[in-house]
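> The primary structure of each chain is shown beneath.
4 protein chains.
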Amino acid sequence: MAKELNIGLIGAGRIGKLHGRNINSFVSGAKVSCLAETFLNDEHRAWALENGISKTTKNPDDIFADKSIDAVFICSPTETHIEFIIKAAETGKHIFCEKPIHTNIEKINTALATVRKAGVKLQIGFVRRFDHNHKKVRDTVASGKLGRPHIVKITSRDPEGPPLSYIATSGGIFFDMTIHDFDMARYLAGSEVTEVMAYGAVNIDQDYKKYNDVDTALIMLKFANGALGVIDNSRAAHYGYDQRTEVHCDKGCVLVGNDLNDTSVISTADGVFCEKPTWFFLERYNNAFIAEVEDFIKAIINNTEPPVTGVDGLKSVEIAIAAAKSFKEGKPVIL
Amino acid sequence: MAKELNIGLIGAGRIGKLHGRNINSFVSGAKVSCLAETFLNDEHRAWALENGISKTTKNPDDIFADKSIDAVFICSPTETHIEFIIKAAETGKHIFCEKPIHTNIEKINTALATVRKAGVKLQIGFVRRFDHNHKKVRDTVASGKLGRPHIVKITSRDPEGPPLSYIATSGGIFFDMTIHDFDMARYLAGSEVTEVMAYGAVNIDQDYKKYNDVDTALIMLKFANGALGVIDNSRAAHYGYDQRTEVHCDKGCVLVGNDLNDTSVISTADGVFCEKPTWFFLERYNNAFIAEVEDFIKAIINNTEPPVTGVDGLKSVEIAIAAAKSFKEGKPVIL
Amino acid sequence: MAKELNIGLIGAGRIGKLHGRNINSFVSGAKVSCLAETFLNDEHRAWALENGISKTTKNPDDIFADKSIDAVFICSPTETHIEFIIKAAETGKHIFCEKPIHTNIEKINTALATVRKAGVKLQIGFVRRFDHNHKKVRDTVASGKLGRPHIVKITSRDPEGPPLSYIATSGGIFFDMTIHDFDMARYLAGSEVTEVMAYGAVNIDQDYKKYNDVDTALIMLKFANGALGVIDNSRAAHYGYDQRTEVHCDKGCVLVGNDLNDTSVISTADGVFCEKPTWFFLERYNNAFIAEVEDFIKAIINNTEPPVTGVDGLKSVEIAIAAAKSFKEGKPVIL
Amino acid sequence: MAKELNIGLIGAGRIGKLHGRNINSFVSGAKVSCLAETFLNDEHRAWALENGISKTTKNPDDIFADKSIDAVFICSPTETHIEFIIKAAETGKHIFCEKPIHTNIEKINTALATVRKAGVKLQIGFVRRFDHNHKKVRDTVASGKLGRPHIVKITSRDPEGPPLSYIATSGGIFFDMTIHDFDMARYLAGSEVTEVMAYGAVNIDQDYKKYNDVDTALIMLKFANGALGVIDNSRAAHYGYDQRTEVHCDKGCVLVGNDLNDTSVISTADGVFCEKPTWFFLERYNNAFIAEVEDFIKAIINNTEPPVTGVDGLKSVEIAIAAAKSFKEGKPVIL
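Chains as they are written, first to last, in the working numbering: chain A, 930 to 1264; chain B, 930 to 1264; chain C, 930 to 1264; chain D, 930 to 1264.
Wrong hints could be hidden among the right ones.
It does not matter which identical chain is meant; a pair holds if it fits inside one copy or across any two.
[Unchecked claim] Derived DSSO-like pairs (lysine-lysine); straight-line CA-CA distance at most 30 Å:
1. 1180 x 1138
2. 1139 x 1074
3. 1138 x 1074
4. 1139 x 1180
5. 1036 x 1257
6. 1138 x 984
Derived from the structure by calculation, the hints contain no laboratory data.
Required output: the full structure, derived from the provided sequences and hints.
This is the structure in structure tokens:
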């Protein structure tokens, strides 16, 4: 496949812009030629121009109708994902869709069926799988050299909470934040989650209670392979983005810490000062965002399975639903 | 109080010998003068001689009858603790008792009532509180400089499992191993546990199933102050004694890692090799074992509250009972 | 200055290609439009095309003659630097020149005089100043919060040696390798070097002796501000690119380690395994190469002093000459 | 050899007391029975009593005359060492002598000859060889698994300077401080020093100039095996006792850092705070002081060569003399 893949980008929010810039600046083999953004404004147009995107439109259907477009990046709000996945599949376009696919299992299944029928590729944006650190944990476990996994631990804390307006519509911590960790848990354990027990607390901002949401969570998992897992979440770590993973296996343990801003150690009579973790996901997962797109494009070019499938997207939503139920009912939920 | 405290030691197993040697070699202000060991043999006698313990007996009552003895160290099997605590209290001797006090709450309460009535000191052997690392976490949290605790995490993995014969009578992982972590959880959080949810698995040795025990466990906790907690246990880490604690609070996080055998880093084309954690509790908590005895002796000399009280001993047993119940019934247990 | 800077690139070796790609892919505000490479071949032409460089030539004079070109990047062999700097200055082009400027002090002075007279900017390619780690050391020292510097330590080891053919013409370790460290020493100490004492040894490859060169070196420095410095060099560390710096000051010490491939720690009964440092300068200084070009372009646009001046280029050569003399004569050399 | 070695201790200064307490509290197989201290006072007598030393005297000859004494610990001022070594040898007592043996090579040689003739053991108190960290470096190098050594680096900084009165008589930094590092250099390199070049500076306290001494030093070494070495010294690190060693070899590098007070990491919006190194030699080398005595006693009991010989003591003095000369004359000194 000699020619460059022609990409249509749907949505010019933070993550849409990130993918657009990455594809047109850092990724070879693909080019975003068209941006569809329902609330298109001059700022979007300027951004598109600057990033070599020649066409902009308010109507995503312009992308689906464009036969020159090979693949779409769906970076619009979650509730629009299913519609766009189905339209893309039906017009024969490969699909990169941001997480979560949706919050409704039935609709996800319908969309996945359409994708399967159309024979197009679908990749879900679980970017953390492409982080050099987490990938090392996964690769070490998957290699089998430590034996079978016993305990999977995921620390996942945001540096600062989102605006409350976001909480109002996000579906709650298990859907907007832990969803990444549920995928990571499956990825690291190499096994499906069979049971979930979730604890939550409001420790940071009492306003979370208005939305029946929490800002602090602990979730225990059972995996089909006999391993146990635990995730701890906080919406406000303050010291940076705390993203550590650890798997204890038959023969020992593999763990990764954070990337730091630098490796400095300053020692004085007052103490020893080291650097903080990188601030948030844009800094920590900068290279991972590029790598996930490169792998998506390779999967299309080489006609292979994308590294994060629609089923992966579905599974993490199922776990999130179970976690939300467990938290609400105060007891474990079996998947 | 100018004179040395006169100590009677009950039990010359591993932990009894450890305390005996520590008191007579490394601790000032106290001296073990008598050892009572039901199964007294020549090896015990030789050990006593070597460690400056002038008198040995098969009968613990010889210690209780000896008016010159100020305090006893109860290092005999768990099922004998209550009897010896009561006898010591009734004969006016201060008491250092190894953990767990017992597995029966009613009996513990009876013993504690006797101790209170007698006005003697009682300290329980939760040695980890005296470790320089965990103590730093606790002191940082207790200082309030990080604000209130949100998440307490305890990793506690033994390098290798005990003999199965031990499992047969130990009461199971929550009583023989996690009991330390339950105490640590209360110590770090500075708050009582109000709910427990325990997961367990047999990942290391299928023979554990014969004893209805597990070798891998995850336990989630709720604390009265709103914090959440999690403990992960493995009976066979293989790489050493993995004892890490972490508390995330309003303003940030404090955590401690393991002590390592040395600080070496060896870098070659094959990789970078660091040292393993110290092997097991004798190595890791060597200094802590001395410190807990010193603090017990200070509490007697200064007539102050011992640093780990009978109530601390009781609480950890209550949590262990709840954890065992949660694991058995597959649902959370409220304390 | 609204328009993009128009850049002429001289030399399409490893470093020329690196700058060409960086400018045209990752740096905004500038564009390489022409490549001059004496030994221009099809591979060079394909690389230029791929990187959006529209014009190629065998004759650097085509660049100097092109009035649309604002600045040149001199990435040709060291012995050509002086000629190209002078031509660029005389044709009014700003200059980015790779290190070392040259090995002849007189010629360097002539070139610098021409640059000064022409009023163009000249920046020397000491890329390590733009590394996040070393920059942190420098900024900490320069802030004065640790007081005045006492001891400057630089560890600088290549993962593997260059081909012997390179050694034959490089001028030796002090000119081709330590030159970077001499600049780093001045940068960190914030002071000029006043005396040099160099030890060298052939420990890796006896063939270095044929070229009167060494593969292992230790160099001590005195600085005008009273600080002492030491650099250790090896041409073959094997475990990666070992680039650590440390400054001890009145009130304490600041040091930086290497960037690692990832933050993993794998613990088993066999030991604890961590990741190696990034392999070589392309990996370690990837971002620094982009940052130095961005700063050069900013200096032109804002008409400010470039962050690494011609004098910086001169000084490091003077120290290298002194180090070579010290090594040869076996005694300290005063600058 | 069933009976306990009977030890005579000469000198009850800081180091004498340390050895006395260690032998009588923590070391088995030996017992200090007599203390000789020229300036014996009530405080010394109380200390002796407390530590189970039954006899005290102002006259060291009482020790040499006592036929029941098997070995002496010479912890008196440096200028008395030679006399006491000779007397001990002539009265057939094994000798542990603190560093430095003396500052006069001729006198040292006389003493060593007497020791050899008498056939008694002589061990010099280079305690750092018994530190778990430095020992790991040495053992790694000596094992040969990294190949031959190329570069030896020693960082050795005291937390705070001694009183100026000490400087007045200490012989200067190379004799009172770097002497330890010279021994460490030989120990790590496994080879003799053939050339020394010393730089010094007064950066901390100008009063050092009155004594022709410095508070900051860098010393380069050449070893017979082709390795190069460097030592950096500061009399006032402020952040603790900074004692790191590193050896780069054919196949890679082994290094050790400091022992820290604890392993805590406190992360907040203000930064990441780690613990400081242990404060000074009493904390850092606490276990090493015990180990060196145990090894001395073993050497006597097993009739083997002590781990640090009189020749080791001589060599480090020779290097110190060369370093002092190099610093004074501003040029390298060949040994």
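> Check residue 1138 against residue 1074 for me: Cα-Cα at most 30 Å, and say if that holds within a copy, between copies, both or neither.
Answer is between; shortest inter-copy Cα gap is 26 Å, intra-copy 45 Å.
> Reference check for the pair residue 1180 and residue 1138, CA-CA at most 30 Å: within, between, both, or neither?
between (43 Å within a copy, 20 Å between copies)
> How would you label the pair residue 1139, residue 1074 (within, between, both, or neither) given a Cα cut-off of 30 Å?
Classified as between: cross-chain Cα gap 29 Å, same-chain 48 Å, threshold 30 Å.
> Could you figure out if residue 1139 and residue 1180 sit no more than 30 Å apart (CA to CA) within one copy, between two copies, both or neither?
between (46 Å within a copy, 23 Å between copies)
> When no copy is named, should residue 1036 and residue 1257 be tagged within, between, both, or neither for a Cα gap of at most 30 Å?
within (23 Å within a copy, 37 Å between copies)
> Pop the pair residue 1138 and residue 984 into one bin, within, between, both or neither, using alpha-carbon distances up to 30 Å.
For residue 1138 and residue 984, the Cα distance exceeds 30 Å both inside one copy (44 Å) and across copies (63 Å).
Hint compliance for this structure: hint 6 is the single one not met.
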